[in-house]
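Participant: Those sequence lines, one after another, are chains A and B. Position in the first sequence counted from 1, then plus 28, gives you the working numbering. Counted from 1, the second sequence has number 291 at position 310 by the working numbering; the numbering is strictly sequential.
Please note that a few of the clues may not be correct.
What the hints assert, rightly or not - As a list, the in silico EDC-like pairs of lysine to aspartate or glutamate whose alpha-carbon atoms are at most 20 angstroms apart:
{"id": "1", "chain 1": "B", "residue 1": "Lys57", "chain 2": "A", "residue 2": "Glu348"}
{"id": "2", "chain 1": "B", "residue 1": "Lys13", "chain 2": "B", "residue 2": "Glu(-11)"}
{"id": "3", "chain 1": "B", "residue 1": "Lys119", "chain 2": "B", "residue 2": "Glu83"}
{"id": "4", "chain 1": "A", "residue 1": "Lys202", "chain 2": "B", "residue 2": "Glu71"}
{"id": "5", "chain 1": "B", "residue 1": "Lys57", "chain 2": "B", "residue 2": "Glu(-9)"}
{"id": "6", "chain 1": "B", "residue 1": "Lys57", "chain 2": "A", "residue 2": "Glu130"}
{"id": "7", "chain 1": "B", "residue 1": "Lys119", "chain 2": "A", "residue 2": "Glu115"}
{"id": "8", "chain 1": "B", "residue 1": "Lys5", "chain 2": "A", "residue 2": "Glu348"}
{"id": "9", "chain 1": "B", "residue 1": "Lys226", "chain 2": "B", "residue 2": "Asp275"}
{"id": "10", "chain 1": "B", "residue 1": "Lys13", "chain 2": "B", "residue 2": "Asp275"}
{"id": "11", "chain 1": "B", "residue 1": "Lys128", "chain 2": "A", "residue 2": "Glu115"}
{"id": "12", "chain 1": "B", "residue 1": "Lys119", "chain 2": "A", "residue 2": "Asp43"}
{"id": "13", "chain 1": "A", "residue 1": "Lys48", "chain 2": "B", "residue 2": "Asp77"}
{"id": "14", "chain 1": "B", "residue 1": "Lys93", "chain 2": "A", "residue 2": "Glu115"}
{"id": "15", "chain 1": "B", "residue 1": "Lys(-1)", "chain 2": "A", "residue 2": "Glu115"}
{"id": "16", "chain 1": "A", "residue 1": "Lys202", "chain 2": "B", "residue 2": "Asp77"}
Said to hold, decoys possible - Far from chain A by the CB rule (all over 10 angstroms, computed), these chain B residues:
{"id": "17", "residue": "Arg63"}
{"id": "18", "residue": "Asp97"}
{"id": "19", "residue": "Gln295"}
Claimed, not checked - Some chain A residues near chain B, calculated using beta-carbon distances under 8 angstroms:
{"id": "20", "residue": "Ile30"}
{"id": "21", "residue": "Asp32"}
{"id": "22", "residue": "Ser35"}
{"id": "23", "residue": "Lys39"}
{"id": "24", "residue": "Gly117"}
{"id": "25", "residue": "Thr118"}
{"id": "26", "residue": "Arg120"}
{"id": "27", "residue": "Ile121"}
{"id": "28", "residue": "Arg125"}
{"id": "29", "residue": "Ile127"}
{"id": "30", "residue": "Tyr128"}
{"id": "31", "residue": "Ser222"}
These are calculated hints, taken from the structure and not from any lab test. Glycine included, every Cβ here is placed at the ideal spot set by N, Cα and C.
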Amino acid sequence: MISDALSIARKEFTDTITSKRLWLIVGVLLLFSVASTYSTIFQTITAFQQAGRPVASVFSAIATTMAYMAPLLGIALAFDAVSGERERGTLRILLSRPIYREDVINGKIISALTVISLATTISSLAAVSISILLHNVAVTIDDIARICLFIVFSIVLSFAYYAFSLFISTLSNKSSHSLIISIGIWIFFAFILSVISSLIVTAVLGPPPMRSFQAFNMFRRQPGNFTPSSMFPQEYLDYMRKEAEISSMIQAFSINYHYTQITSLLFGYATRPIEFGQGGRTLVSIPTVISTRLIDIVILIVFPIIFLFASYMVFTRRQEK
Amino acid sequence: MKMDLAIETENLVRIYGKGDSGIKALDGISIKIPKASTYGLFGPNGSGKTTLISILVGLLLPTSGSAKVLGFDVVKDSVEIRRRVGLLPEGFGFYDNMTALENLVFLATLDKIPLDQRNRRALEALETVGLKDRANDKVSTFSRGMKQRLGIAQALLKDPELLIFDEPTVGIDPEGAAEFRNLVKRMNREGKTILMSTHLLYEVGMVCTHAAVIRGGRLLVQGGVEELYQSVREAKGYRYELRVKPSGEMLLQEIKSISGVIEIRQSENGVTVLSKKEIWGELLTLVSKPQFKDAVESLKPIEPSWDEIYRFYQEGG
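Isolated chain A (complex conformation) (with noise of 0.2 angstroms):
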């Protein structure tokens, strides 16, 4: 019944925001928001200012924050959601009580997205504030909606987390074991994929042409220098096309993965050396971001969506003596 689910969610939602545990992750999000707004503002704001874009420039940093942050918060949350309760014996007296299993998996999934929702969007709104009143930024409505969006697909990002780790957590009798799969899961994502990948593409592809290796570090010792790509040798642009390819291939594996691919359009800002050597990524019409990463876009949101149904699946079968 609905009623017992936002029973369970009320309560669960007053435990979450009273916990030191989200406030730590919440403040580290926070943190990491408002210094990454402050150096882009003073740091590079002026090339983006002067490529007509300073809320994007903001929120590249904010998204590359995110992306770290984001996945930990969902954590948090799930990691001992269920785990917890049947370590602490508190399971046992909720299912005592005249409610269906599903309600107290929806509860916390309810309580979960609020907590997850309220902490993206303030964090992202800080930003917002603090571009604002430190330097003036103008913030057009094209503005808004590119920060809503980025709003939601970081809290689908964060969600994906958590669907991942309730079900951990519904498969799990101790919490440290899900805490531990979990963090594993999103170090690998968020790191070690991507040492794989530079292994595996030096391993096909060899390493980069020295000479126009030599170039692009020149090249990118110049603030926003968005000389066109021809000015690189074609050697060096052909290894590094090969290397997207293949890296892009293995990365596809990575939730974090599709969720840069989506705020790197989103905002205009490189993600690969490539794009460097492109001057940076123009700034494309939402649409456009839409229809592009399409599939990006339905990996991050099924992603959840099948993690939830497991986790569903799970804890409603289960049965606790």
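Since the structure of chain A is already known, use the hints to place chain B on it.
Facilitator: Chain B alone, transformed into the frame defined by chain A:
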């Protein structure tokens, strides 16, 4: 006459796991628990008590067999059962960051107790278990015994007609256990049916009107406590303890001649008389005779201990 039953199970089987490696936790349990009884479910750890209780409140599904609680089927109507049954599960816990009252009010919400009654009912339950003074203290500050009492309070919240306590006195001190037994007796007098699982033999004898002994998932015996005593008495003999003065030698000779008496032996507390049949009436008549009146200091029947009852049925009854 058909007995009014609170719980009735028919050949309940529960197997954990699948195939040959499956463990049979319940092996054809058929019990009948009369309404308004205090029913002790006795058995050693791992005998299947918790599995049986979990099936009765719909937390576990039986592998086969059927069970009805207050007339509701445990598979089809488990929510209706939990609406009417107060359960104290084994190994339960509370939300430590909340106060005792907040915990109970939250659980009262899930019990569908109307909003305007939740606080009152929670306070009443806390008062019943002697925790009203600690209503606004966080559960994290509670001792194990206090948490156990809070567990009993949550089971009482909805004023259920059937209470199921799984190992209710584990972790509480002897004084707390005695208070709990008094509470059980009081609730039983109020007409509530109580099913109580325990591995402590003496608890069954102290509070229960009915009992069942299970071991290895099998029901060894069940019935009224008096019936269980009687079965053991009939099989092992009736025992009486007699204290006689040195002048009572003649009396002992007379007792020996009563039909059914098997043996008279010296014991720590005097003389134990063992008889094949009930001779209480004959003994009373004998000791009230003028010639023996002054020779007797005391006379009482000895009930079989629960330990004896358990061993008796474990050995096949």
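Participant: Please go over all the hints and tell whether each is borne out by the structure.
Facilitator: Now for the hints, and whether the structure bears them out:
Taking the CA atoms of B:Lys57 and A:Glu348, the gap is about 17 angstroms. The hint holds against a cut of 20 angstroms. With a C-alpha separation of about 5 angstroms, the suggested pairing of B:Lys13 with B:Glu(-11) holds against the 20 angstroms cut-off. Restraint check for B:Lys119 and B:Glu83: satisfied, since their Cα atoms lie roughly 9 angstroms apart, inside the 20 angstroms limit. Between the alpha carbons of A:Lys202 and B:Glu71 the distance comes to roughly 18 angstroms, so the proposed pair stays at or under 20 angstroms and holds.
For the hint pairing B:Lys57 with B:Glu(-9), the CA-to-CA distance comes to about 16 angstroms; that is within 20 angstroms, so the pair holds. A hinted pair counts as satisfied when its Cα atoms are at most 20 angstroms apart, and B:Lys57 with A:Glu130 qualifies at roughly 16 angstroms. For the given pair, B:Lys119 sits about 19 angstroms from A:Glu115 by alpha-carbon distance, which is consistent with the 20 angstroms threshold. A distance of roughly 17 angstroms separates the Cα atoms of B:Lys5 and A:Glu348; the hinted pair therefore holds under the 20 angstroms criterion.
With a C-alpha separation of about 8 angstroms, the suggested pair B:Lys226 and B:Asp275 falls inside the 20 angstroms cut-off, and the hint holds. Proximity of B:Lys13 to B:Asp275 is assessed by CA-CA distance (about 49 angstroms); at most 20 angstroms being required, the pair is judged violated. The hinted pair formed by B:Lys128 and A:Glu115 meets the criterion: a straight-line CA distance of about 16 angstroms does not exceed 20 angstroms. Annotation: proposed proximity of B:Lys119 to A:Asp43 holds, straight-line Cα distance about 13 angstroms (limit 20 angstroms).
With a CA separation close to 14 angstroms, the supplied pair A:Lys48 and B:Asp77 stays within the 20 angstroms bound. Pair hint B:Lys93 plus A:Glu115 does not hold up; C-alpha atoms about 26 angstroms apart against a cutoff of 20 angstroms. With a C-alpha separation of about 25 angstroms, the suggested pair B:Lys(-1) and A:Glu115 falls outside the 20 angstroms cut-off, and the hint is violated. With a C-alpha separation of about 18 angstroms, the suggested pair A:Lys202 and B:Asp77 falls inside the 20 angstroms cut-off, and the hint holds.
Annotated as non-interface, B:Arg63 brings its C-beta within 10 angstroms of a C-beta of chain A; the closest such distance is 4 angstroms. Residue placement check: B:Asp97 keeps its beta carbon more than 10 angstroms from all beta carbons of chain A (closest about 16 angstroms). In this structure B:Gln295 is separated from chain A by more than 10 angstroms, as the shortest Cβ-Cβ distance comes to about 24 angstroms. For A:Ile30, the suggested interface contact is broken, since its CB lies about 13 angstroms from the closest CB of chain B, more than 8 angstroms.
Nearest Cβ of chain B to the Cβ of A:Asp32: about 6 angstroms, under the 8 angstroms cut. The hint holds. With a least beta-carbon distance of about 5 angstroms to chain B, the hint placing A:Ser35 at the interface is held under the 8 angstroms criterion. Given the 8 angstroms rule on beta carbons, the hint for A:Lys39 holds: about 5 angstroms separates it from the nearest Cβ of chain B. Evaluation of the A:Gly117 hint against chain B yields a held restraint, the C-beta minimum of about 3 angstroms falling below 8 angstroms.
At a threshold of 8 angstroms, the smallest CB-CB gap from A:Thr118 to chain B is about 5 angstroms, leaving the interface hint in force. Among the interface hints, the one on A:Arg120 holds; its C-beta lies about 4 angstroms from the nearest C-beta in chain B, closer than the 8 angstroms criterion. Among the interface hints, the one on A:Ile121 holds; its C-beta lies about 5 angstroms from the nearest C-beta in chain B, closer than the 8 angstroms criterion. Hint on A:Arg125 holds. Least Cβ distance to chain B is approximately 4 angstroms, under the 8 angstroms limit.
Restraint check, A:Ile127 versus chain B: the minimum CB separation of about 6 angstroms is within 8 angstroms; hint holds. Nearest Cβ of chain B to the Cβ of A:Tyr128: about 7 angstroms, under the 8 angstroms cut. The hint holds. Of the supplied interface hints, the one on A:Ser222 is violated, with its beta-carbon coming no nearer than about 39 angstroms to a beta-carbon of chain B, more than 8 angstroms.
Going down the numbered hints, you'll see the structure goes against 10, 14, 15, 17, 20, 31, while the others check out.
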